[in-house]
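*Asks:* When you get a sec, could you build the whole thing from the sequences and use the hints?
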Amino acid sequence: MNRKADGMFQRIATFLTLILVSVAGAQDRVVQLPVRTDGPKSLDPVQGSTVYDNKATVQMYETLLEVAYYDTTRFVPLLLEDLPERLDDGKRWRFTLRDDIFFIDDECFPGGEGRKMVTDDVFYSWKRLADLDNKLENWWLLRDTIEGLEANAQGTKFDYDADVAGLVKIDDRTFEVVLTQPVYRFLWVLTMFQTSIVPHEAVEHYGEDFSRNPVGSGPFVLDEWVPKSHMTFDRNPAYRPMFYPEAELWSEEDAALGLAEAAGTRLPIADRLEFTFYIEDQPLWLEFRQNKLGLIQVPSAYFPEAFSKRSKRLSREFRQEGITHAAVPLLDYIFRAFNMEDELVGGYTPEKKALRRAISLAVDWDEFNQDFYEGLCTVYDGVIPPALEGHPENGRDPRAPRGPDIQAAKAALVEAGYPDGQGLPPIRFYTSQGGNNDQQVEMLQRQLSRINVKLDPILVDFSQLIEQVNKRQAPMFSFAWSSDYPDGENNLALFYGPNASPGSNHYNYNNPEYDKLYESIVAMEPGEERTRIYNQMQEMLFEDIPAIGALARVRYYLIAPWLKNAKPNERYYGWYKMLDADDSKR
Amino acid sequence: MWAYTFRRILYNIPIFLGIVLLLMVLLRVNDPVYAQLSKNATEVEIAAKRVELGIDRPLLVQFAEFMLPIRLDEEGVHWTGSVFGFDDRSWYREDSVWNIVRPSVMPSLSLTVPALILSTFLSVAVGLVSAANRGRWIDRALVFFAVIGMSISFLVFIIFGQYFGAYWLTQAIGFELFAVRGYEAVAAPEVLDPDAGLTIRGWLNRYNVPSLLGWPKHCLLPVMISVIVTLGYDTRFYRSVIVEQSTSDYIRTARAKGCPERTVLVKHLLRNAMIPIITRVMITLPFVVVGSLLLEVYFSIPGLGQTLFTHVTNKDFPVTQTIVAVLAIIFIASNILTDVLYALVDPRVRLS
Chain A
1 MNRKADGMFQ RIATFLTLIL VSVAGAQDRV VQLPVRTDGP KSLDPVQGST
51 VYDNKATVQM YETLLEVAYY DTTRFVPLLL EDLPERLDDG KRWRFTLRDD
101 IFFIDDECFP GGEGRKMVTD DVFYSWKRLA DLDNKLENWW LLRDTIEGLE
151 ANAQGTKFDY DADVAGLVKI DDRTFEVVLT QPVYRFLWVL TMFQTSIVPH
201 EAVEHYGEDF SRNPVGSGPF VLDEWVPKSH MTFDRNPAYR PMFYPEAELW
251 SEEDAALGLA EAAGTRLPIA DRLEFTFYIE DQPLWLEFRQ NKLGLIQVPS
301 AYFPEAFSKR SKRLSREFRQ EGITHAAVPL LDYIFRAFNM EDELVGGYTP
351 EKKALRRAIS LAVDWDEFNQ DFYEGLCTVY DGVIPPALEG HPENGRDPRA
401 PRGPDIQAAK AALVEAGYPD GQGLPPIRFY TSQGGNNDQQ VEMLQRQLSR
451 INVKLDPILV DFSQLIEQVN KRQAPMFSFA WSSDYPDGEN NLALFYGPNA
501 SPGSNHYNYN NPEYDKLYES IVAMEPGEER TRIYNQMQEM LFEDIPAIGA
551 LARVRYYLIA PWLKNAKPNE RYYGWYKMLD ADDSKR
Chain B
1 MWAYTFRRIL YNIPIFLGIV LLLMVLLRVN DPVYAQLSKN ATEVEIAAKR
51 VELGIDRPLL VQFAEFMLPI RLDEEGVHWT GSVFGFDDRS WYREDSVWNI
101 VRPSVMPSLS LTVPALILST FLSVAVGLVS AANRGRWIDR ALVFFAVIGM
151 SISFLVFIIF GQYFGAYWLT QAIGFELFAV RGYEAVAAPE VLDPDAGLTI
201 RGWLNRYNVP SLLGWPKHCL LPVMISVIVT LGYDTRFYRS VIVEQSTSDY
251 IRTARAKGCP ERTVLVKHLL RNAMIPIITR VMITLPFVVV GSLLLEVYFS
301 IPGLGQTLFT HVTNKDFPVT QTIVAVLAII FIASNILTDV LYALVDPRVR
351 LS
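Those protein sequences? They're chains A and B, same order as listed.
At position 4 of the first sequence (counting the first as 1) the number is 4 in my numbering, and the numbers step up by one without a gap.
At position 86 of the second sequence (counting the first as 1) the number is 86 in my numbering, and the numbers step up by one without a gap.
None of these hints come from the bench; they were simulated from the model.
Where hints are given, some of them may not hold.
What the hints assert, rightly or not - Label pairs and their in silico Cβ distance ranges: (1) VAL156(B) with ARG310(A): 28 to 38 Å; (2) ALA256(A) with GLY54(B): 51 to 61 Å; (3) ASP56(B) with LEU459(A): 20 to 30 Å; (4) GLU204(A) with VAL83(B): 24 to 34 Å; (5) ALA301(A) with THR313(B): 17 to 27 Å; (6) VAL156(B) with PRO561(A): 46 to 56 Å; (7) LYS585(A) with VAL156(B): 30 to 40 Å; (8) GLY207(A) with VAL25(B): 27 to 37 Å.
Claimed, not checked - DSS-like, lysine-lysine: derived pairs with alpha carbons at most 27 Å apart: (9) LYS516(A) with LYS471(A); (10) LYS157(A) with LYS169(A); (11) LYS267(B) with LYS257(B); (12) LYS353(A) with LYS516(A); (13) LYS309(A) with LYS292(A); (14) LYS292(A) with LYS217(B); (15) LYS471(A) with LYS267(B); (16) LYS315(B) with LYS585(A); (17) LYS454(A) with LYS471(A).
Only a predicted model underlies this, so the values are computations on that prediction, with no experimental measurement involved.
Just so it is clear, CB atoms sit at the ideal spot from N, CA and C, and this is done for glycine as well.
*Replies:* Structure, rendered in structure tokens:
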């Protein structure tokens, strides 16, 4: 009896083991990632604006072009057969959609079956940006760009059926876009998630709830979204054949990291994405240490635990665990600036320029970098962030009034008519509250006190700071700009006269010669001539000094040993479809 | 008593209106429109945004629409059927205020209610033990620990509690007794199906009710941390209340006539100490609803504290106004209820 029972138990155990093994073998490849917020605001591309909206939206919706995973300074076709064709010296662009793009199955479509994406979907999606009902959150991307595309007036309905001169349909897959003027950045705009293509049926069917009911053509479909908790996505089973970038596209350095190994693999590689939302750093860090997350941006408080502060080398403990890291330079421009219309610090007379030069020469950016950013930032001259065309070699430009040079600063102050700071009233300096900004202000005050320049610091909410700057009431202020696309033109536009406040030219810098040069570069493709003009424009800024700076942050990421194909970047988030999970290394 | 309650409610209506009006004024001291716009907004877009948010209209019109189920425009008054802005759209997240607030309440309660009950019972018990042994080593030890508990920041308890209770313990025992973060509802709220409110499961979904099995893993550790922190403050308070009562004549009389010590403490002393106990518990009630911001943020409990914090920091007036208005009502109601409870527990109190 006992032997019989033993045999039976053995058979049951073997059977259960077999089931477990087969279940384990068929397990989905799940990639868990953190999102450093309580979740996205909206999954409607035209209403999204934050990094978190971007991260979530691009898993389900797609744009015509996307940033190349292997080189984030380039873009490649995503919904298009090929890169758009440039016509009329860049005033007209011809696009051809791929023939195999389908929206996911959804009840908004007749019979619930997703249909093919056509030219009209592209026009419809872009028109939505101009629709006042969509809050014009991202209208700035296409404003004054496409001929005839205008936002509707207050109190009127946007007419989606009306023809737009600049949107020319050739057939269901081919169309042309006529621009108001040749603008090269237009193509970068088409990589941005806000220009993703959506089906009109879904917008009409879900109405206000469209922002929570995504119907896209992307690699993943939304499974569940619990605000303040998590968001999960499943593989889109009908995703068209798209493949991991070929091996020859990867740099040697990336190939050595194993990033080229998945070349040719069909996308998405993972079966499921799981986003967890974190507001505080500690739970994020502890869950990464518990191997529950694939990668994290290292919170500054935990940097010394993971890296040697001096060499920025990953600690032995982490290396032994198989954790790797990636340093991602951001397209940052962190600066202090002047309102060029201000009576005290603004103006273009030699004295006014000398005053601003004195202040610039008294500021020690390296000290800010060491004390507030653990020395992790890049200090550079000019306005163009590292790795972009026009950025000075090693971040140094001999023409720049880079401090600290107290002797030169004092001499400039004499030129300005304020020898040893005498007669110069305190300068009102606006910055936002929070973080270590009050300490940063104290450091700036100390640095300027070396030349007897006094600040009257005013710390306000960020929205108040914007308000003060937009109303041209802040003589001096602290701001940061993160480039919308990896082209120095985006930063040079910050000083273009017609962009004055409340536009992005918060300095209200007005130099007709500069404006003329800017107008000449917007249509130019990258090249030596364009770089030369970029330098010429920066020289004007070094001379007039509407802003002093700058700093660019470098973000450090830790990658769990089980996460494959990770090359973090903060330019776009469509690369999650490249990620893979090796459960044997969990 | 009913007349008294009714009168108190009437007296409190102007107070409530004042609170809401003051809140609306304070929120609008700085123009919120810039916080709601992209970095490249034009003047036309700024003006359009102001109209869209409805803040271009007189404050009293905005106030009336918030307090009453009406909408006012050039064509007259329209019935909306919704008060306190529950049906308004959030400025921060693409959803209605009700859909944002609704799933936040139960997660908060799943932390604060057990914490309040446990901490009240424990601290009264510890206070009794301490008072009964006044001056002895046990009393001194309890007071010492209470002072220690009060002296250390709540944040420190949370950081250490989370590290040792969730992370370190899991590493040590190889089993996840307490999770570092998270919240497990009976089933996740059906955000994709707004009609899923008809069944019990649908109701549980909608209100984000915690699952019985998931609660200990996700909520017990934060509850324990909350109880430990509260014990310090409450024990000292209840001890002093009980010590004060223990020197009263009626206690001396009870002892003199030979009442057992337990009867003296529980039946005579505790009963007479109920008024300060009730006062303290009732004062805490509104905070029970609003949750514990720090615990919710660190343990990723999607409660009302976290919701309020997120929407205040993002200048989302509709959600902020609604939550504060509801809290004001709860605060006023708990004050009235406190008075009624006084009369119930103490025959000497007459409501008139």
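*Asks:* Each hint: holds or not?
*Replies:* Hint-by-hint comparison with the structure:
Against the hinted window of 28 to 38 Å, the Cβ-Cβ separation of VAL156(B) and ARG310(A) comes to about 30 Å, which satisfies the hint. The beta-carbon spacing between ALA256(A) and GLY54(B), approximately 57 Å, falls within the hinted interval of 51 to 61 Å. Hint check: ASP56(B) to LEU459(A), Cβ distance near 29 Å, so the stated range 20 to 30 Å holds. Checking the proposed 24 to 34 Å range against GLU204(A) and VAL83(B) shows it holds: the Cβ atoms sit about 31 Å from each other.
A hinted range of 17 to 27 Å for the beta carbons of ALA301(A) and THR313(B) is consistent with their spacing of about 20 Å. Between VAL156(B) and PRO561(A) the Cβ separation comes to about 33 Å, which falls outside the hinted range of 46 to 56 Å. In this structure, LYS585(A) and VAL156(B) meet the distance hint of 30 to 40 Å, their C-beta atoms being roughly 35 Å apart. One distance hint, 27 to 37 Å for the beta-carbon pair GLY207(A) and VAL25(B), holds here, with the actual separation near 34 Å.
For the given pair, LYS516(A) sits about 26 Å from LYS471(A) by alpha-carbon distance, which is consistent with the 27 Å threshold. Among the hinted pairs, LYS157(A) with LYS169(A) is consistent with the structure: their alpha-carbon atoms are about 23 Å apart, no more than 27 Å. Between LYS267(B) and LYS257(B) the CA atoms are separated by roughly 14 Å; this keeps the pair inside 27 Å, and the hint holds. With a C-alpha separation of about 21 Å, the suggested pair LYS353(A) and LYS516(A) falls inside the 27 Å cut-off, and the hint holds.
Distance hint between LYS309(A) and LYS292(A) is fulfilled; the C-alpha atoms sit about 26 Å from each other, no more than 27 Å. Distance check on the hinted pair: LYS292(A) and LYS217(B) sit about 16 Å apart at the alpha-carbon level, within 27 Å; holds. For the hint linking LYS471(A) to LYS267(B), the alpha-carbon distance of about 69 Å lies beyond 27 Å, and the restraint is violated. With a C-alpha separation of about 44 Å, the suggested pairing of LYS315(B) with LYS585(A) is violated against the 27 Å cut-off.
Between LYS454(A) and LYS471(A), the direct Cα distance comes to roughly 23 Å. Compliance with the 27 Å bound is thereby established for this hinted pair.
Checked against the numbered hints given earlier, this structure breaks hints 6, 15 and 16; the rest are met.
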